[in-house]
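There are 2 protein chains.
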Amino acid sequence: MKRTAFFVSDHTAITAETFGRSLLSQFESVTFERVTVPFVDSEAKAMDTCRNIAEAFARDGQAPLVFSTLTDERLRQILERSEAVVFDLFEAFLDRMETTLGQSSAQAIGRTHGLGDATLGRGRVEALKFAIDCDDGIGIDAYDKADIILIGVSRSGKTPASLFLALHYGIKAANYPLTEEDLNLSGLPAGLRKHRKRLFGLTMTPERLHQLREERRPASRYAALEQCRSEIRAADALFRSAGIPYLDTSTMSVEEISANILHRKGLKRMQW
Amino acid sequence: MKRTAFFVSDHTAITAETFGRSLLSQFESVTFERVTVPFVDSEAKAMDTCRNIAEAFARDGQAPLVFSTLTDERLRQILERSEAVVFDLFEAFLDRMETTLGQSSAQAIGRTHGLGDATLGRGRVEALKFAIDCDDGIGIDAYDKADIILIGVSRSGKTPASLFLALHYGIKAANYPLTEEDLNLSGLPAGLRKHRKRLFGLTMTPERLHQLREERRPASRYAALEQCRSEIRAADALFRSAGIPYLDTSTMSVEEISANILHRKGLKRMQW
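Chains U and R are the protein sequences, given in the same order. All letters in the first sequence, in the order written, are residues 356 to 627 by our numbering. All letters in the second sequence, in the order written, are residues 356 to 627 by our numbering.
Be aware that a few hints might be false.
Computed, partial: chain R to chain U, Cβ under 7 Å [said to hold, decoys possible]:
{"no.": "1", "residue": "382"}
{"no.": "2", "residue": "385"}
{"no.": "3", "residue": "397"}
{"no.": "4", "residue": "448"}
{"no.": "5", "residue": "455"}
{"no.": "6", "residue": "458"}
{"no.": "7", "residue": "478"}
{"no.": "8", "residue": "578"}
{"no.": "9", "residue": "618"}
{"no.": "10", "residue": "622"}
Cross-link-like lysine to any residue pairs, in silico, SDA-like; alpha carbons within 25 Å at most [as the list claims (entries may be wrong)]:
{"no.": "11", "chain 1": "U", "residue 1": "620", "chain 2": "R", "residue 2": "398"}
{"no.": "12", "chain 1": "R", "residue 1": "623", "chain 2": "U", "residue 2": "394"}
{"no.": "13", "chain 1": "U", "residue 1": "484", "chain 2": "R", "residue 2": "573"}
If you anchor each label on the Cβ, the simulated ranges turn out as follows [said to hold, decoys possible]:
{"no.": "14", "chain 1": "U", "residue 1": "576", "chain 2": "R", "residue 2": "592", "range": "51 to 61 Å"}
{"no.": "15", "chain 1": "U", "residue 1": "535", "chain 2": "R", "residue 2": "397", "range": "32 to 42 Å"}
{"no.": "16", "chain 1": "R", "residue 1": "399", "chain 2": "U", "residue 2": "491", "range": "38 to 48 Å"}
{"no.": "17", "chain 1": "R", "residue 1": "534", "chain 2": "U", "residue 2": "491", "range": "41 to 51 Å"}
{"no.": "18", "chain 1": "R", "residue 1": "595", "chain 2": "U", "residue 2": "410", "range": "28 to 38 Å"}
{"no.": "19", "chain 1": "U", "residue 1": "410", "chain 2": "R", "residue 2": "626", "range": "17 to 27 Å"}
{"no.": "20", "chain 1": "U", "residue 1": "438", "chain 2": "R", "residue 2": "618", "range": "23 to 33 Å"}
{"no.": "21", "chain 1": "R", "residue 1": "577", "chain 2": "U", "residue 2": "535", "range": "42 to 52 Å"}
{"no.": "22", "chain 1": "U", "residue 1": "621", "chain 2": "R", "residue 2": "536", "range": "45 to 55 Å"}
{"no.": "23", "chain 1": "R", "residue 1": "536", "chain 2": "U", "residue 2": "410", "range": "28 to 38 Å"}
{"no.": "24", "chain 1": "R", "residue 1": "462", "chain 2": "U", "residue 2": "560", "range": "23 to 33 Å"}
{"no.": "25", "chain 1": "U", "residue 1": "440", "chain 2": "R", "residue 2": "462", "range": "13 to 23 Å"}
{"no.": "26", "chain 1": "R", "residue 1": "620", "chain 2": "U", "residue 2": "357", "range": "45 to 55 Å"}
Don't read these hints as lab results, they were simulated from the structure. Even for Gly, the Cβ is constructed at its ideal location relative to N, Cα and C.
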């Protein structure tokens with residue numbers, strides 16, 4: 356069974372994608388062809404979208420689903436006349452919000468959709484620069500400015516998490532790779548000791564690490580399961596003995612890793 | 356007028372934040388204290404949340420708003436009994452989705468909420484590594500592997516956009532800073548010429564650039580309005596004469612810049 360899902364927005368469509376995806380995930384047995392249609396900000400573009408919906412209907416033999424965050428009433432009406440089943444975020448909630456707040460909504464296009472600073476101002480951009488300057492063990496001198504320092508063996512997900520923490524939450528995250536040399540020491544590497552309170556460990560099963568390393572360097576000593584076992588065992592032992600909180604990321608997305616770190620360490624995110 | 360808005364989820368709360376933020380943006384005259392409550396996956400945690408809601412009610416003298424993506428029926432019921440006005444994503448749409456699809460929903464906790472690869476697999480992580488390896492004019496030898504190459508003067512938003520394109524869409528984006536030296540040439544810098552088709556320019560008003568550069572190096576020649584005017588004038592002239600599409604980012608968030616680039620260049624995002 357195959358159907359098409361459209362994510363329609365007068366702006367970036369990030370909200371439409373996010374809420375639609377969340378609903379679709381509750382129906383795993385249905386396969387959806389996903390089509391994002393951003394910047395639908397005129398009647399002509401809304402009518403183009405209706406044509407694409409009609410084509411999908413003819414192709415699939417089933418009504419497409421539309422997840423919409425259109426704010427303009429006229430554009431919403433055009434979409435309502437299409438063959439699709441429309442799930443409209445504003446229609447679902449705006450009336451009750453107006454009642455609750457005792458105000459009319461702006462019904463203005465593209466009001467939000469950033470997930471942080473409205474523009475390229477300080478918070479996120481500074482945090483991103485910090486994450487790049489302190490990626491993969493470089494920039495240790497700047498660690499006293501870090502909100503958090505992620506540590507873990509190679510390929511344990513430190514860089515993606517550091518960058519997501521910066522982009523989404525405005526958190527300054529450094530990351531430091533635990534090398535075999537580091538893991539042969541007793542205790543933390545010297546450069547990390549005075550930052551112990553800000554350290555956070557990432558770990559995973561040796562099998563998962565093996566799989567990720569095979570993608571990078573197939574059939575290498577680096578990727579060998581036995582090597583992964585030994586490094587993970589040593590890293591986990593270090594986290595425990597040094598009292599460093601840590602997280603098993605084996606089945607997690609970058610979003611999940613980052614949200615977990617923020618929550619467990621009680622970090623204060625930027626205003627949004 | 357001050358009220359509290361809670362974003363409650365049994366998982367990362369990224370969806371709850373996104374849809375709630377989108378709705379709140381339609382009521383700009385109300386100031387909201389925003390509280391994210393992720394990982395509410397037990398009755399005890401749901402009851403804790405109700406206590407926080409009651410405290411906010413007592414403090415504000417007005418009912419808090421709750422934007423919820425709780426999937427478990429029992430937890431939703433606990434929240435419904437609180438003093439808050441609850442806007443529940445699944446309650447609003449799930450019945451009609453079940454009817455449309457002719458299936459029951461899984462009502463399973465934390466099914467989705469990633470915005471890409473389920474875990475740390477290839478797509479995004481490779482794209483992120485590429486963005487870091489080709490940031491700020493480094494790694495030019497790898498430009499033939501780029502999906503897109505962002506160019507613009509210093510502080511025009513290239514790095515954040517490159518990283519967002521990687522994290523959110525799995526797009527490999529390089530970025531190259533147009534220096535004064537580059538801008539004094541007639542035509543494109545030599546290293547960029549053979550990649551012309553993949554170039555995309557970022558620009559902004561001289562006033563906005565001046566403001567951003569003042570944050571980095573106050574009262575410098577680099578940040579002076581006259582300097583910004585001259586660089587922007589030269590960069591815009593280059594984009595036009597070389598036939599490179601470009602975007603004015605003066606009032607845009609990183610999300611908006613990235614979504615615009617994706618849309619205008621017709622780039623194919625990773626599966627999600």
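Here's how the hints hold up against the structure:
1. 382: holds (6 Å)
2. 385: Holds, because the Cβ-Cβ distance from residue 385/R to chain U comes to roughly 6 Å (cut-off 7 Å).
3. 397: violated (14 Å)
4. 448: Check passed: Cβ of residue 448/R comes within 5 Å of chain U, closer than 7 Å.
5. 455: holds (5 Å)
6. 458: Hint on residue 458/R: holds, closest Cβ of chain U at ~6 Å, below 7 Å.
7. 478: violated (11 Å)
8. 578: violated (14 Å)
9. 618: Holds - the Cβ of residue 618/R comes within 7 Å of chain U, reaching about 6 Å at its closest.
10. 622: Where the cut-off is 7 Å and the nearest Cβ of chain U is about 12 Å from residue 622/R, the hint is violated.
11. 620/U x 398/R: Judged against 25 Å, a Cα distance of about 23 Å means the pair holds.
12. 623/R x 394/U: holds (17 Å)
13. 484/U x 573/R: Given that 25 Å is the threshold and the Cα spacing comes to 18 Å, the pair holds.
14. 576/U x 592/R: 51 to 61 Å: Holds - the Cβ-Cβ distance for residue 576/U and residue 592/R, about 53 Å, lies within 51 to 61 Å.
15. 535/U x 397/R: 32 to 42 Å: holds (40 Å)
16. 399/R x 491/U: 38 to 48 Å: Since residue 399/R and residue 491/U have Cβ atoms about 40 Å apart, the given range 38 to 48 Å holds.
17. 534/R x 491/U: 41 to 51 Å: Because 27 Å falls outside the window, the suggested range is violated.
18. 595/R x 410/U: 28 to 38 Å: holds (36 Å)
19. 410/U x 626/R: 17 to 27 Å: holds (21 Å)
20. 438/U x 618/R: 23 to 33 Å: holds (24 Å)
21. 577/R x 535/U: 42 to 52 Å: holds (43 Å)
22. 621/U x 536/R: 45 to 55 Å: Once the Cβ atoms are compared, 47 Å apart, the range 45 to 55 Å for residue 536/R and residue 621/U holds.
23. 536/R x 410/U: 28 to 38 Å: violated (50 Å)
24. 462/R x 560/U: 23 to 33 Å: holds (28 Å)
25. 440/U x 462/R: 13 to 23 Å: Given about 20 Å between the Cβ atoms, the range holds.
26. 620/R x 357/U: 45 to 55 Å: violated (28 Å)
Of the numbered hints listed earlier, those contradicted by the structure are 3, 7, 8, 10, 17, 23 and 26.
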